[in-house]
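Take a look at the letters that make up each chain.
There are 2 protein chains.
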Amino acid sequence: MAIKTRAEASVRSSAEIPLRPAVAWQPPYATRTGRIALSRPRPHTPDDLFRPKAFVGEAVPFGVTAFREGHDLIGVHVRLVSPSGVETLHRLTALQDGFDRWSVLIAPLEQGVWSYTFEAFADDFATWEHAADLKIAAGVDVPLMREMGALLFDRARDERSRPNAERAALEAAAAALRDPEVGTESALAVVRDPAIAAFFADRPLQSLTTVGTTRELLVERERAGVGAWYEFFPRSEGARRLKNGTVKSGTFRTAAKRLPGVAGMGFDVIYIVPVHPIGQTNRKGRNNTLEALPGDPGSPYAIGAADGGHDAIHSDLGTLADFRAFVRAARTQGLEVAIDLALQASPDHPWVAEHPEWFTTLPDGTIAYAENPPKKYQDIYPLNFDNDPVGSYAEMLRVVRHWVAQGVKIFRVDNPHTKPLQFWEWLIATVNAEDPDVIFLAEAFTRPAIMQSLAMVGFQQSYSYFTWRNTKAELEEFLVTISRETADFMRPNLFVNTHDILTQYLQFGGRPAYKIRAAIAATVGATYGVYAGYELYENVARPGSEENIDNEKYEYKFRDWEGAEASGNSLAPYLRRLNEIRRAHPALRQLRGLSLHWSDDDAILVYVKHLPAALSETGESDTIIVVVNVDPHSARQTLVHLDPTVWGGTPGESFEVEDLISGSTWTWSSSSNFVRLDAFIEPVHILHLKGTR
Amino acid sequence: MAIKTRAEASVRSSAEIPLRPAVAWQPPYATRTGRIALSRPRPHTPDDLFRPKAFVGEAVPFGVTAFREGHDLIGVHVRLVSPSGVETLHRLTALQDGFDRWSVLIAPLEQGVWSYTFEAFADDFATWEHAADLKIAAGVDVPLMREMGALLFDRARDERSRPNAERAALEAAAAALRDPEVGTESALAVVRDPAIAAFFADRPLQSLTTVGTTRELLVERERAGVGAWYEFFPRSEGARRLKNGTVKSGTFRTAAKRLPGVAGMGFDVIYIVPVHPIGQTNRKGRNNTLEALPGDPGSPYAIGAADGGHDAIHSDLGTLADFRAFVRAARTQGLEVAIDLALQASPDHPWVAEHPEWFTTLPDGTIAYAENPPKKYQDIYPLNFDNDPVGSYAEMLRVVRHWVAQGVKIFRVDNPHTKPLQFWEWLIATVNAEDPDVIFLAEAFTRPAIMQSLAMVGFQQSYSYFTWRNTKAELEEFLVTISRETADFMRPNLFVNTHDILTQYLQFGGRPAYKIRAAIAATVGATYGVYAGYELYENVARPGSEENIDNEKYEYKFRDWEGAEASGNSLAPYLRRLNEIRRAHPALRQLRGLSLHWSDDDAILVYVKHLPAALSETGESDTIIVVVNVDPHSARQTLVHLDPTVWGGTPGESFEVEDLISGSTWTWSSSSNFVRLDAFIEPVHILHLKGTR
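Protein chains in written order, with numbering that gives the first Met the number 0: chain A, 0 to 692; chain B, 0 to 692.
Relax, there's no trap hidden among the hints.
Pairs involving identical chains hold if they fit within one copy or between any two copies, as the list cannot separate such chains.
No farther apart than 25 Å at their CA atoms in a straight line, the calculated lysine-lysine pairs in the BS3-like style are these: (1) 134 x 375; (2) 134 x 374; (3) 556 x 256; (4) 256 x 242; (5) 242 x 556; (6) 247 x 556; (7) 408 x 256.
Calculated directly from the structure, the hints in this document are not laboratory data.
Note that this is a predicted model, so its numbers are computed, not measured.
The following block holds chain A by itself, in its conformation from the complex:
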């Protein structure tokens, strides 16, 4: 393959070849299908209405179905043009899967809108090589096959773009094929010469070239796809119970003291719940009770009060300047701040008086509460975007721009599925046109079509069903879905818990459950997240629910991070190790490149993440084998079976692995490997395959 001379590469690719223009063969009539059929291009989105997505450095499979009539062989290229106009050409490999799929893995390195175009062609050298190999060996048409080869070599020699060294070699090869003194065995050696094959791999002899439709791929910044998130409530950090029994809220200043701890665990993003004034009318009390008691801080999602709405800071937390200082403090720690965008209002929100048309007014003159009939949520008015779409859309855009101006580039969007899909398409496109670095995470836990549509219209990241996929069978299906079926347009952020979600698995799985879920999230998800308290194994739910008791939404939480760690009652060291492993291993910072492998136990899940050397920032391949006992109540022993071809290995081979959790090293083979995973000791192996491939 060609050596890159460009100062800075636009892509990483295992199959880049010298650039050349595509000279398309012109059919006699305009048809929808080309001379060589090209269909089902990937990456794509269902309906092809929206651009597929990738992030900078993501190893994206470019694939297409391509075939021609009869037995002659074809080749397929993909031509990429980067946002700055750098054009590259890459050769696809036939998957030989019976479905005529061709594929190549390419990592785009430039942010912005790329174009890609597949090109298929009759591969005249390959067709001749295949026939000549068989026929010369069988003694059929030998002089004819030799002359046909010589003619191909003549044609290749005359191509202007071909290097002189190749020309000379091809001329000699043609002469040998034409020389009656050169015997059949030597002629066959020319046919099978790997050096000549390499010339034609780089510069194939094309005919009937067919150029497919040019499509677009949106490449976003790396953080759109990769990151470890940590969620907390700023008001809890530094909150103090006063002598009179009331609580003094934490502030941005006190909350900032927690940042080194979070950064020290290796997280990349600090996500904070809404920081705006909270309504008084119908304020919720502790545990979501209908009446707040004096001193109850209220849900930060009941946004808006006399002192302001979505562009204001809750006076308990400080000022806008304090907020900016918090963002700067986080940046100093290597953390990026994500804030909540919860587009709804408490009855006290300034919007209610100033813009009643942004809500739904009922025939009795009242404004409609949020409801799920016959239930009502009287601390919240949902917005109605349809009475005044121009005005309401503009206000939401103003709010986002306001926070972008304060240094925020990541928004976790609360319940986006309760607002028009069209609104999100418009808002995200408008914001990203001004600043393509802004990232929106969709907190939609709803039906799959809606979640996928939110991702397609623009959300850079999505919450997912991960928290409810706990058995081996459930996880296997989920892993295939997120890493293959929807990976062209949807990036799940695998939160292990949230302030709204404490699953039965965590409630009843004990401390092993916390390790298991964190290890899976950190190794499967290029992006994953943790809500504060996870490291303290907080596992008591409101009875009958999948939500923490004494939910932090309605009260302050007092937690002793250092004390827990000092006494060995914290998961923080484990999270720290997981994040270290993620930083050291580029394969774990990819959503794709995951394959399922096998164990003989119905609770031992096995998967591999692999990134080939040509696609890796380090220039070395990276292969991680994860073996998890997903039953937190058991010690299990079984055999693990691997398919080494996924990392370019050979069936039957042996190799060294190092467990990045325990530090142990073993010699493993692809056929079967004994594992014993005691959930109460270490439920997970995260194995690094030694050596590059």
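Dock chain B against the given chain A, drawing on the hints supplied.
Leaving out everything else, chain B in the frame of chain A:
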């Protein structure tokens, strides 16, 4: 639902509603997604590059994914415009499958290009009805819900298109809701009034109406999708062995004597292999030997000799006038003639001398034979369409037009996957523009992507993998593929055998195998086919092959149809019965509408074909339950379990079934039914469910 007043309906539909214009809600900004999301419209083809297809009378599922934000309810319509401009509107049903799919079954009755457009809207009545039902019953917001309902009824009453009877009823209902004397129970009765719900089913109160993209559906004549085919070699019918040992070929006149027998078995299409002059050079002998002996007739696929090519008639068979007389004789018997279109040439074809540019000339000046290196087929030159695409395409079109002029409207195309896909797209489109009744059947046994692409670019029918799907598991997967996954663009013609295919299942399955395969083909395939000799249980293969020994391609066959039937050694009576059943049961003349059901035996296959009354030409529903023992060597007994909801029945119900093969009638239930199928007696039940639904 509305009563159709139009003299002739353009569609059959279970959900047609009164026509009205769509008044689209205008979003403030142009977005790709609409106010209400509409995606994944069906019917469709992969990539949406080609039109999906249906045939006249086919019950086509129109489906779409539709949802809106929040809890308010939506409705979905599809608007159809027939080729002659008749516009109809149909209401879709939410499948409630968790994937937000909506669907309606519609049978187009007019040939040509239809358009269809999905429309989604906020269903204001349904949203109110749902909330009012819950809230009034719970005593929440009762006056408000009553007034909101009254306002909706006022709005409906004022719609100009609403019938006067509805207006009066709605006015009364509004008054009742507003009347304080009318109690809560009575108000709730208004909310739940089925008559009012029916008004709004026909004429919903719409808002936020979103109109999807208009798409096209190609509706072809019924024979494109429905028919029973019979293949024979005209030269064998009436061939006589002379005293000198040579054979006198059958002619069109003698072959025509077989037509009443074929028609009497209930077939619709008589397909004849090529009827053109056969080359002498390198003619193949019996059993595909390389040298023909004197008197060997040669393969009819080695087309072309001194006396003509693809537009000529083999002199042994008669003249062009004789051919036309054969076509007329077939028509008199209710049979349509299909001929072979095998675009290749013997070395003696006139094209070879007149247009060597339509072949591949090698460096040694010879023309390339067909080959699969190192094998060569020296009785055949393949065409090369790339040297002179304009000229060669035009000649192929001339050949097709020539036969259309002789009264032929169906072409079975030999090996279309060895010619450019683009050529077929152009040829079929050009021919169908002149005569949309012309049907092309693709004889491509190759990789799935190629077979599907040929169907997408225009072939009305396709050979399939049916002959190699014999076990219950294989058949279940195959049935789902053809009746659902690919049914929008691919119509398999389920041949049980061909002159090239005698499967191991038939070779070694004995006479039961012949019944089993014919019964499945005739009941699954809206189109199926039989090659002559199947009714005589011809099951001896060339050793090691899946092809008849003494293949009729290379010699004459002498068969005693009447004698075999008289002695009870013919399957003809069974085939006759199958075709009678097909004619009596419209559900069997649909490819779709198939569902798999269950038995406890791994060889007892169970499926149901159902056509609802509104979609049926008879006005009555048609439900056929097929139970097959696919193991031809066994008698099996087991329990059969059915899901009656597929025919609108109720789980647990009992019903009467009649076995259309044996004439027996039984009372069956959905839960479990004992069957015993002895392959040596009757391996198949074809059960008609009595009564309409």
